[in-house]
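Protein chains in written order, with the numbering used here: chain A, 55 to 487; chain B, 55 to 487.
Misleading hints may appear alongside valid ones.
Calculated lysine-lysine pairs in the DSS-like style (CA-CA distance at most 27 Å, straight line) [as the list claims (entries may be wrong)]:
1) B/K174 x A/K323
2) B/K323 x A/K224
3) B/K323 x A/K323
4) A/K56 x B/K322
5) A/K170 x B/K202
6) B/K322 x A/K224
Not everything, but these chain B residues come out facing chain A in the computed CB check (under 7 Å) [stated by the list, open to error]:
7) K192
8) K202
9) G267
10) G344
11) T348
12) Y349
13) A353
14) A357
15) D376
16) L486
FYI, nobody ran anything at the bench for these hints, they're computed from the structure.
Just so it is clear, CB atoms sit at the ideal spot from N, CA and C, and this is done for glycine as well.
Protein chains: 2
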Amino acid sequence: MKPVKVGICGLGTVGSGSFNILRENAEEITRRVGRSIEIEQVGARRDNPSADTSATNVTRNIFDVVNNPEIDIVIELIGGTTIAKELVLQAIENQKHVVTANKALIAEHGNEIFAKAQEKGVMVAFEAAVAGGIPIIKTVREGLSANKIDWLAGIINGTGNFIMTEMSDKGRAFDDVLKEAQALGYAEADPTFDVEGIDAAHKLTILASIAFGIPLQFDRVYTEGISQITEKDVSFSNQLGYSIKHLGIARRTAKGVELRVHPTLVSKKQLLANVNGVMNAVMVKGDAVGPTLTYGAGAGALATGSSVVADIIDVARTLTADPDNRVPHLAFQANALSDLEVLDIDEVECGFFLNMTIQDRAGVLANITQILSTNGISIESLIQQEKGVSDSVPLVVMTHTVAEKNMNAAIAKIEALPDVIGKIQRIRVEALI
Amino acid sequence: MKPVKVGICGLGTVGSGSFNILRENAEEITRRVGRSIEIEQVGARRDNPSADTSATNVTRNIFDVVNNPEIDIVIELIGGTTIAKELVLQAIENQKHVVTANKALIAEHGNEIFAKAQEKGVMVAFEAAVAGGIPIIKTVREGLSANKIDWLAGIINGTGNFIMTEMSDKGRAFDDVLKEAQALGYAEADPTFDVEGIDAAHKLTILASIAFGIPLQFDRVYTEGISQITEKDVSFSNQLGYSIKHLGIARRTAKGVELRVHPTLVSKKQLLANVNGVMNAVMVKGDAVGPTLTYGAGAGALATGSSVVADIIDVARTLTADPDNRVPHLAFQANALSDLEVLDIDEVECGFFLNMTIQDRAGVLANITQILSTNGISIESLIQQEKGVSDSVPLVVMTHTVAEKNMNAAIAKIEALPDVIGKIQRIRVEALI
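One chain only, chain A, in its complex shape:
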């Protein structure tokens, strides 16, 4: 069979990783695919010392790649949502297949891009957009295709997980670990994207669509970061047998779909609670298979390149297939996407970990438990520390499942009690069973 020719746009971390895998594993890949995959052209504003392009046709204008008639598959690795969108749409217009690692592009503009790809009969593959080297898109879209997916929950931002792991293992403060993550190159100078959960929300948007067959709805994801988590929260959670993880969670309920990114207490008995450092992992619960977990590197040149190149191989294999028989972009046929409503966070139900400071006086605990009970909230466990030098002591309450709005009502009333000092820290708890 004749070689498949690809053009790589962008030669940053993922671009150079993908370039190097295609070169170094060329023989192994040809043994798999039965044809060679050749890098016809690279488009990049500047060279990257990690990728030796001395024998490659390099252009400074990435649109040369998209308009190169020799190229079958365009690999979009420039990032961002403006030029990248233009580039991908032009590639589709030119009847080229596209492979991308761009989570923001797919989460925010995927509906438009896939509609155009469908119209033109080309594929847009995006395994590398979620959880780096973990083949989670393929797992959900193909490996678990027999299932109705009930829910999924993942550690899908390595920077956030590195921070939470350091805080948990070493009792360090958020700001302290963030500085180290920046020094190590895990976190950007402006860490908002990672620590406030925007990156995870992009990935969750994509996972939820392929799990439930709903359109991409990034603007409907409830997003809460980890910057407010304190050493005390971590230490009390540990005492209760839980780790705090920054999770992206999507669940299908009778009322609609939950889409949320927030710090979450997970029992240490769960594998997910033991996923540490910059590693990623995604649990998926299907109605037939039960709970599953997939774990691996969520970032890095070669790990993310692994997913880019796997997508290239997949696309190469289906070049001759009837487009109607391909795996649909969002796992379900475009005309079969469901209009399941995305629930408001107020409607979401989970357990809660409440960390508060109270005046240690008679009756205060009774008042608090009374308010919880009145709002239909039952207590699973409780830590009340002995009085120290001051009259104010911490009180930690872990509750059973309750609707967010009920918890909000209860918290407002508890915070209004004269013996409750300041705001209550509230972190959601998930059983993941």
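Keeping the supplied structure of chain A fixed, place chain B upon it in accordance with the hints.
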């Protein structure tokens, strides 16, 4: 698109699970595939109360299914390697695609079956043959296709893992837990297949082939069961921070391929050591992606049925594709399989946990460490218990990596020492990094 018609042969646990998934998730599956998947016929010697076949064409002769001209895909779920082989070969001869959950059939006769399927241009899919509901075949063959796979290691027998977990968590004896496993239906009346590692060796044979692109070589797998593991082994391992797991391990080295199933000490810091009960998990280390792990239910009607039905969907999707462009049965093109040698167990290198009983006399430890050192074996850690009422005390030694033949030579010499009582229990140790 017109419906895809399947015929199910065998209506036992996996047969009824697959039947029920195809019926209960029919709407979701049609939304995914864009065409319906219809059960045209079921062949089974007897009915199964778990599957309501009252509206289905049922035959008592499974070969009716294979010869039914309406059927596109034959689902072989009868098990065994005699009639099942005949059935699958006849289906292929009749130009029908095949989906099977039969690990023994694929491990022992896969080379012949795939050659015939290749010749006839049909697919034989076998996701359900390894690790039940975990899509590990797809993960290795497609999700990680960009990688040279360095090694894989898996808990791929749920019965064995249930036994090891109970022994570890509760200090129970092997025979005691085995009896419970039999009562619970996890283990057969003759448990040899599970506890002596034959079932795991079948699965490992398949995994190694698709990881390295080598022919199926079941007869080359070194297999050691868990029936000789004692409560003391488990308890000393725990003290050293390790769990004993029954692993299937395949590794590509400069000298050849290692293929082995045996009890293995795994650090508790590894997720794999925390996979408990009947659950399965497989670690795969690729040169680009690094270490990955996939976890889920390794058995059960619906979990295994999840993989059977996912295979049916995959086959349905590629019915119109050029056969040359399909994912090859063993991940690599049939004419590109490698003749990498499978190493003899003597050549395998790993760490060792040695559990022995010694007379607590001056000089005995010096003699033992001298023998280890002479054979190029360095000690990683050591537990020497204080003398009790008797003169004989346990001595546990954990070593760094060494070739098996060197360890055998050292063990023979140590066992010959007058102060070493009886045989030395030896369990392999893997770092899995």
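Cross-check of the supplied hints:
Taking the CA atoms of B/K174 and A/K323, the gap is about 49 Å. The hint is violated against a cut of 27 Å. A hinted pair counts as satisfied when its Cα atoms are at most 27 Å apart, and B/K323 with A/K224 qualifies at roughly 16 Å. Note on B/K323 and A/K323: the hinted pairing holds, with a Cα-Cα distance of about 13 Å set against a maximum of 27 Å. The straight-line distance between the Cα atoms of A/K56 and B/K322 is roughly 49 Å, outside the 27 Å bound, and the hint therefore fails.
The suggested pairing of A/K170 with B/K202 is violated, with an alpha-carbon distance near 35 Å, which exceeds 27 Å. A threshold of 27 Å between alpha carbons decides the hint, and for B/K322 with A/K224 the separation of about 19 Å falls inside it, so the pair holds. The beta carbon of B/K192 comes within 5 Å of a beta carbon in chain A, closer than 7 Å, and the hint placing it at the interface holds. Interface restraint check: B/K202 against chain A, minimum CB-CB distance 5 Å, threshold 7 Å, status holds.
Contact between B/G267 and chain A, as hinted, is supported at the beta carbon level, the nearest pair being about 6 Å apart and thus within 7 Å. Proximity of B/G344 to chain A holds as hinted, the smallest CB-CB distance being about 5 Å (cut-off 7 Å). Annotation: interface hint on B/T348 holds; nearest CB of chain A at approximately 5 Å, less than 7 Å. Interface hint status for B/Y349: upheld, as the beta-carbon distance to the closest one in chain A is roughly 4 Å, under 7 Å.
At its closest, the beta carbon of B/A353 sits 11 Å from a beta carbon of chain A; the interface hint therefore is violated under the 7 Å criterion. A distance limit of 7 Å between C-beta atoms decides the matter here; for B/A357 the minimum to chain A is near 5 Å, and the interface restraint holds. Satisfaction of the interface hint for B/D376 is found here, the shortest Cβ-Cβ separation to chain A being roughly 4 Å, below the 7 Å cut-off. For B/L486, the interface hint is violated, the least distance from its beta-carbon to any beta-carbon of chain A being 13 Å, above 7 Å.
Hints 1, 4, 5, 13 and 16 from the list above are not met by this structure, while the remaining hints are.
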